[in-house]
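Undergrad: Sequence:
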Amino acid sequence: QIDSPEALFSAPNSPWIASLAGFDCKLPVESIKVDPIEKVASAYFRGQYLRAKPSAKLGKTSNHLWLRSSGLSFTSGNAISERVLSGSVVKSSFEGSHWRIDINVGAEVDIPIQHPERIEVDTSVKINMPFEHCLLINE
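Using my numbering, you'd call the opening residue of the sequence shown number 37 and step up by one each time.
What the hints contain is simulated information worked out from the structure, not anything from laboratory work.
Computed from a prediction, not measured in an experiment: that's the story for all the values here.
There may be inaccurate statements among the hints.
[Unchecked claim] Calculated lysine-lysine pairs in the BS3-like style (CA-CA distance at most 30 Å, straight line): (1) K96 with K127; (2) K75 with K127; (3) K93 with K127; (4) K69 with K162; (5) K69 with K127; (6) K62 with K162.
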């Protein structure tokens, strides 16, 4: 992929470029829907559709939803459903200026989120996933 740094960072087309751009969590998806006019994709994961930016190269299989965990946060139950993922806290550790909260969202995937306060293990949480921090990409 050859483009400006801004374009590479905001819309990577390969797993390698995605990891360089800070997309550090990968969720396996069962199926996808893409709206080419709106440039929006929906990835089906654990019984729900999640909105994401589609990469230029999507396939019929081996697609994954990549998340930039630095842009994720916790949310209340009133958030838009296609931007929220539920999980359970599996680890809470202090890292100098913030707490690192690891959330298990299923499919053997833990998502780390930086948070100013400790959250107890086994607490159910909802993760807000802003569109610009979610990328659908083919492996």
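Undergrad: Each hint: holds or not?
TA: Quick rundown of the hints versus the structure:
1. K96 with K127: violated, 35 Å
2. K75 with K127: The hint is violated at about 35 Å.
3. K93 with K127: Not satisfied, since the Cα-Cα distance of roughly 35 Å exceeds 30 Å.
4. K69 with K162: holds, 23 Å
5. K69 with K127: violated, 33 Å
6. K62 with K162: holds, 17 Å
The structure shown violates the earlier hints numbered 1, 2, 3 and 5.
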